[in-house]
Amino acid sequence: DQQVKQNSPSLSVQEGRISILNCDYTNSMFDYFLWYKKYPAEGPTFLISISSIKDKNEDGRFTVFLNKSAKHLSLHIVPSQPGDSAVYFCAASDSEGAQKLVFGQGTRLTINP
Amino acid sequence: ETGVTQSPTHLIKTRGQQVTLRCSSQSGHNTVSWYQQALGQGPQFIFQYYREEENGRGNFPPRFSGLQFPNYSSELNVNALELDDSALYLCASSSGTERYGYTFGSGTRLTVV
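The listed protein sequences derive, respectively, from chains A and B.
First residue of the first sequence: 1, per our numbering; consecutive thereafter.
First residue of the second sequence: 114, per our numbering; consecutive thereafter.
Check each hint, because a few of them may be wrong.
[To be verified] Derived Cβ-Cβ restraints for the label pairs, each shown as a range:
#1 D31/A with Q131/B: 32 to 40 Å
#2 S69/A with G153/B: 38 to 46 Å
#3 R128/B with E15/A: 44 to 52 Å
#4 N168/B with Q3/A: 14 to 22 Å
Don't read these hints as lab results, they were simulated from the structure.
By construction, the Cβ of each residue, glycine as well, lies at the ideal position given by its N, Cα and C atoms.
Chain A on its own, in the form it takes in the complex (with noise of 0.2 Å):
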């Protein structure tokens, strides 16, 4: 039963260009979310988080949007950079702090020059 879901396996964007990486969720109970980027022989790291009690979180260059009814949400990235090439996981949980993420399968995001 896989509670988070990214559906893309990879995205190719130009660099300057928006990347928009999705993520779907069936869990209610979740009110948490947080994307994390990951490089290869790196464990993952923390880029951005929203709590459900907000729609959209911005940060910099990269922006979360939450849409509850929908069970989705999406990170933006813009410009996108070629640094910005990773794989990116959408991670989902139940509680604010330390508590158990449910991840997803990650988005291999590759940026052009």
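Chain A is already provided as a structure; the job is to place chain B on it using the hints.
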């Protein structure tokens, strides 16, 4: 001490053997979680320890066990290894107060042959 350090980085074991993976958390991080990441999948929660007690477990059999020590280090033990245990094992620590989730180590790549 900053960062999360895992050892070893790579390990090859034979089916049926036992393995111990180690993690050294950031100072002050009294919560540690272990995740299993199979090839092409997102990390899956194994269990979490808080102040040396297990306080959450994912859908993993009892042959997966752990320990957390007062010096912010922890261990993941897997008995009776199976071929499907081949994966990247990630340790993640948190002080439990920050909103941005865990700090992950780079992982231990376990191969069971």
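Results of checking the hints against the structure:
Between D31/A and Q131/B the beta carbons are some 38 Å apart, a value that agrees with the proposed interval 32 to 40 Å. Separated by about 31 Å at the C-beta atoms, S69/A and G153/B break the suggested range of 38 to 46 Å. Here the CB-CB span from R128/B to E15/A is close to 46 Å, well matched to the stated 44 to 52 Å. For N168/B and Q3/A, the Cβ-Cβ distance of about 20 Å falls inside the hinted range of 14 to 22 Å, so the restraint holds.
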